[in-house]
Structure formats: structure tokens, C-alpha cells
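If you're matching them up, the sequences are chains A and B in order. Here the first sequence stands for residues 20 to 293, numbered as in the working numbering. Here the second sequence stands for residues 13 to 167, numbered as in the working numbering.
These are calculated hints, taken from the structure and not from any lab test. Any given hint might turn out to be false.
To be verified - Counterexamples of contact, computed for chain B against chain A with all Cβ distances above 12 Å: (1) E77; (2) E82; (3) F83; (4) A111; (5) L129; (6) E131; (7) D144; (8) L160; (9) R161; (10) I167.
Unchecked claim - Computed, partial: chain B to chain A, Cβ under 10 Å: (11) C114; (12) V141; (13) P145; (14) P146.
Here a beta-carbon is modelled for each residue, glycine too, at the ideal position from N, C-alpha and C.
Spelled out from the first residue to the last, the chains are:
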Amino acid sequence: MSKTRTDVFKSPDALPEPVREALAAMLLSLADNKRVLGMRYGEWILGAPTLEAGIACSAMAQDEWGHARILYATLKDFEFEPTVLEHERPADEYLNSELLDDPATEWPDLLALNLLLDSALSVQVEAMTESSYEPILFKTRKLLEEERFHFEHGRGWAMRLGDMGAGRAALEAAFRKAIGPCLRWFGRPDSGFGRQLVDAGVVNADADELRRRWLERITPVLAEAGLELPETEGKAALEWEGWNADRRRAAEGALDEETLARVRGDRNRSMLMD
Amino acid sequence: MTKLVQLERRSRADVGYESEIERGMDFSAVFAETIGQNPDFALEVPEWEGPPADLREAAWRALHEVADPEFPISLPDLGLVYEVEAVDTTVRVTITFTASACPCVEFIKWDIRERLLEEPSIEEVVIEVTWDPPWTTSRITERGRQALRKAGVSI
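Just chain A, with the same shape it has in the complex (with noise of 0.2 Å):
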């Protein structure tokens, strides 16, 4: 199915209001996610199973800030204060996911944000590349040149431990609990970001098809490392109780308070320099 597309947005401005508010909404939903998930990755640069992980998740760190940094940076066109999006929100206004909220304290936990919540990001991301809204189309094919190296990185220690037994077992162990946010994340299916994304050109895929284009990112890597995941086949199983919208993400929780100061760069505030 093709579409014409009759409008190209080249500011916020341009944007009927409803479809303004779901894009910042979304923005910002991947900025909060890829700040945190850069702290997540960059907690494990020390004691990953090998030297060679330690320094991907050191570069793998700096490249989700850089994107978050970018990130904020447009929001600025939607009258947002980067600053204070970036250094002065509290915990429950950050739109990260539940996956989130806590450190990755095993190996495949981290490998479940890397490969599952990560690449999740990068779909959303990609369903932008020919975006009716102008300003967003220079920044997103670096930032998804970027991320290829992250889901490789992802995919590679997936086959790795799946050709363990025991590493297998806790692969598949983190991986189930993972499944459920990172599908969700997308949205309701008559939601997501809002229907209207879909229909001013911002986004070319609604919640259920982003769905779909995860799936069809991760299953073969699944198969490829032997892990058996039920909770990829279909998405009747998604449960919407205690939904929170807004968060895209299972209502209660949030970043613990030493996190959060480590986010915000509370300490070392007064030397910023940009």
C-alpha cells in the first residue's frame, strides 16, 4: 500500500496540536529510555564477562547519551527546556521503562536490554526515516547506523550462551521477563503514540506493526541461539492492566534515587558545558 504523502512539516509549529503532542511524547519516551539504558550499559564497562564486552558496553553507553542528547535537543523546538529535561526532572517524570527502574545485576539481564529493549527503540526510531516531520530525518540514520553495532553485539552473546546449558537457561529466564515491557512499549493497539502519527506521515507504523517489526527482528536471533520464548509467538498474551499510557509502561515504579542523581549528573552540575 502506498501513500502520498502531501505534507512535510518542517517545525512543531507546522503540526496540528494533537499529533504535536504524541510526537514530543515519543521523543521524549525514547530520549528518557536511551539515557538510562546508556547507564545501564555503562555499569557493566567493569566485570562483563570478557575485556572485549566491557568495551562494547563503554561504547554502547556513550552512543545511547549521544542519542539522548540528541534527542532532547529537538524537544527544544516543541518548547521544552533541554535543561531541564536532562538535569532537573524527578523520577516518576522520566518515561523509562519498568526494564529500567533497576540495574542489570546478571549478564543476560543486560543482553535483554541490549538486544530486546534496544532494537525495540530502533524500530520506533526507523519508522521515522521518511518522516513527514523534516526535522527528525537528520539525525535518525545515524543514530540507527550506531545501533547496528548494538544489536550485533546483542546477537552475538545470544548465540554465545545459547550454546550453553547454563547460560541458556538464564538467557531464556531474563529474555521472558523482558518480552512483555519491550512489546508493550509500543503501545495499545488502537493508541501507541497515537493513531494520528500514523496519518500526518510523522511515523509510518502503528503500534501492532511495530509490534510485528520487532518480532520479526528478534525471533530468528532467538532461534539461532536454541532459546525457546512462547511469550514471542503472537501478541494475544499482551495484558494492559495497571497500563500507564503516558509512561508506556506497567504504572507503578521508577528509578531508584541514586540512579537518578547519576542521570541528572547532579553532582558535577556545576560544571556543564553545553
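Given the coordinates of chain A, assemble chain B onto it according to the supplied hints.
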């Protein structure tokens, strides 16, 4: 034909830049002790024929004397400069960075601005950042590749 230009790290902050960390700090001294005075890190720039035809070309030539903060290679040779436009005495430079979280963003912007403002005909410098098309190593020029190899960077 090329000639060697010794790098001089440019220091001052750009106009309006006011951060706690930068105030009172002399970056040029820091860099002089690291790469600025190291003859191994001289920057190779093209030997241009004749004077520049216009302001845009003058800016383009000048940018060849702005080095990447990490490697002895100019920003155009690294493939970071996407567009140079000139209107009256204003030069607008569109650049990208190698990584979205490049830690040298501010240094690079300062260096561009400082060098361009040394040109008598340039009064204002506007720097735009874009991420599209994404930078890849394929954007490095042949001269840049040779410079990197000389510095021991495999490419």
C-alpha cells in the same frame, strides 16, 4: 603538492559561551603540551594555486588548517565538512561528527570559528550540525588516509 603546517591549538571560547569549567582555563596551553608542538603531528594541507576566488573558497581553504582534536588530519580530509556557504561577510559551515556522542564537539566548533575569524574578510561564522548523511570512514579523503596511516591509525 602539499606543505606542512605546524598545529597551533586555538583556545578562546566562542562568543557567548559561558561555562564554569571554561572560564579562566587556557586550553591552548593544555594542547601545546600534548599534540600542538609535536613535530610528528604536523598537519598536511594542500598547496593552493593562486588566491581564493571568493569568500567561500577562502573559508574552504582555511578549514584545511583546522585539525581534528584527536588525529593529525584536517576536518575536510576527515570528511566532516558537508557544506560551506558565504553571504557578504558571513560564512555558514555545515558539519557532522564521527559519532553521535563525540566528546570533541565544542573543541571542533571553537577551532573552526577561531580559524575562520582570522580571515580578514570573514566577520561572522555560523556553524550548523547535521547527522545526515551519517559519517563513515568512506568520507575520509586519500590525503587524510595517508596522514592517518602515518600516525599509525589503520584505515
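In rising order, the numbers of the hints this structure does not comply with: 4 and 7
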